[in-house]
Amino acid sequence: MSHNAKDSRLWSAQDAPQSVSLMDSTLASIWNPINVFLEWFGEIGIFIWQVLRATVRRPFEGRELIRQLDEVGSKSLPMVALAGAAIGAVLALESRHSLIRFGAKAMLPAAIVFSIIHETGPVVTGLVVSGRVGAGIGAELGSMKVTEQIDAIEASGVNPYKLLAFTRIVACMLMLPLLTLAADFAGVATGWIATTLAEPMSFHKFLHAGFAGASFSDFLAPTFRTMVFGLIIGVVACFQGMRSQGGTEGVGRSATSSVVLSSLFVMLADVILTKLILVFFP
Amino acid sequence: MTPTEQAVALQAPASGENRAAETRSGNGAGPAMVLQGVHKCFDAQVVLNGIDLTVGAGKTLAVLGRSGTGKSVLLKLIVGLQKPDSGSIRIHGQEMTASDLEATNEIRKTMGFLFQHAALYDSLTVAENVAFPLRRHSKMTASERADRVKELLAGVGMEADLNKMPSDLSGGMQKRVGLARALALEPGILLLDEPTAGLDPITSREIDELILKLQEERDVASIVVTHDLHSAKTIADRIVLLHEGNVVIEGSFEELEKSDDKFVAEFFKRDT
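Chains as they are written, first to last, in our numbering: chain X, 3 to 284; chain L, 241 to 512.
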């Protein structure tokens, strides 16, 4: 055996554990995020199952549900209406120039109304509620979790999945369509104001032109898809809050992840539901 | 209010309440709590390694041990907040580990749990905190409930703070409200996680005397996790010392004090 061959073999033998550990760490760096991702879906699946199981049993927590309807609905209304109003005004200002350029100025009310009720109203509502309510639920439940208040509820023989999660999820589902209506209305109103400031037009005429050719399904399906957004926001925020750990830092993480994940899933659901609505309500 | 009066106030239900007292107190035959071979691990860390304990009605068991030895975990396993990896936990003869959620919740109604940091609901007032179990599990009218809440809070010397929020209370005051809440349903079993920690010596003594009175007059079976050796000596019939997941020694305070075991002697040295 030559000296070089011997060296080479020695080098390989010494280096083998190093290459194995390098391969292990590479595999781990690929596998770990996948594992975390799969674990998260598994855990949220179990969480949904526990909420569903709790749902069918008495008591139905009407008192807490009403409190949550107020928390999610009336307290989000100003923010949602403001966001809808801003979108309506911007749409009117931006669309006006484009439509004039293409000689379709008469289509401006319809463009504003359709754009708001079909897409911007529901999505803006979903994202605003994800931010306000998602963060609120994530932080509140996270704080309850790390201070053992959720354990105290459970120890007293009350199901926290029903008292805390079910009520918040249902409140989000019921309130999202109503908040969307508010955003739609505010958007259409400011759209009209922006339009009429450039070229005076009565609100009645604006609405007539805006809704001309619109059917009930144009309005109904996009509005009610926000129930799915509400479901997503409620489930994600409650889940992130109730699995919180690690003191105040953990509460902060729960609030942030609730907003990030629920916004992400709202946008994803929006794409899927828009496609489904186009298929079923062409 | 003397401790005797306090104990009477804590145990006296408001008129019109119709609850199955026997179920609550678990006065049936046999011990109130029996733990057999209870194991609990968190990842690779063995927290409890085959714990066997029995607590009879009207008896108090104090659990001592260094911080992080699984004393609080033991209480959480008993109340079903965590599941043991193996072993059996029987409450009034009913197996907790095999019970479904409904059955577990029924058993939980017979237990009062005082958390280490009280775990008061921070969005509710003091009175609402104490009323929470009554609202959920009793058929009391609002006025009966209000009377009962006042009695319970008077029992722990907190009757003047009915409408305060938990954030307005000191740690010791929160503990006392937590104790009143734990006693609201007249439980047959009390699980107390460091009940005298953070309390002044006078209040600590009053709490100890309350536990003794409940034990004597209502046959309440208690497990008290504590670092307070004086309190353990006062209230406990028996004491267990946990170390590295095992029961190092079990006996009366005097027996433990006389033990030749190095760890036990070390543990008791500070106070002796």
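Think of the hints as simulated: they come from the structure by calculation, not from any bench.
Any given hint might turn out to be false.
[Unchecked claim] Within a straight-line C-alpha distance of at most 20 Å, the following computed SDA-like cross-link-like pairs (lysine to any residue) qualify:
id : chain 1 : residue 1 : chain 2 : residue 2
1  : L       : K379      : X       : R59
2  : L       : K379      : X       : K207
3  : L       : K323      : X       : K207
4  : L       : K379      : L       : K404
5  : L       : K473      : L       : T294
6  : X       : K207      : X       : S117
7  : L       : K379      : X       : P61
8  : L       : K379      : X       : R60
9  : L       : K404      : X       : P61
10 : L       : K379      : X       : A191
11 : L       : K379      : X       : I32
[Claimed, not checked] From the derived model, a few chain X residues whose C-beta atoms are all more than 10 Å from chain L:
id : residue
12 : D153
13 : G159
14 : V160
15 : T198
16 : F226
17 : I274
Ideal Cβ positions, reconstructed from N, Cα and C, are used throughout, including at glycine.
Outside-interface status for F226/X - nearest CB in chain L farther than 10 Å:
holds, 32 Å
Pair hint K379/L and I32/X, alpha-carbon separation not exceeding 20 Å:
violated, 57 Å
Report holds if the minimum CB distance from V160/X to chain L is greater than 10 Å, and violated otherwise.
violated, 5 Å
Taking only the CA atoms, is the gap from K207/X to S117/X under or equal to 20 Å?
holds, 18 Å
Minimum C-beta separation from I274/X to chain L exceeding 10 Å: can you confirm that?
Its Cβ never comes within 10 Å of chain L, the nearest being 34 Å, so this holds.
Given the hinted pair K379/L and K404/L, is their Cα-Cα distance within 20 Å?
Since the Cα atoms of K379/L and K404/L sit roughly 25 Å apart, the hinted pair is violated (cutoff 20 Å).
Least C-beta distance between D153/X and chain L, which was stated to exceed 10 Å:
Violated: least Cβ distance 5 Å, not greater than 10 Å.
Verify the proposed pairing of K379/L with A191/X, using a straight-line Cα cut of 20 Å.
violated, 51 Å
K323/L and K207/X: Cα distance at most 20 Å?
violated, 66 Å
Looking at G159/X again, its CB stays over 10 Å from all of chain L?
violated, 4 Å
Given pair status - R59/X, K379/L, alpha carbons within 20 Å
holds, 19 Å
Given pair status - P61/X, K404/L, alpha carbons within 20 Å:
violated, 28 Å
The structure fails to meet hints 2, 3, 4, 9, 10, 11, 12, 13, 14 from the earlier list, while all remaining hints are met.
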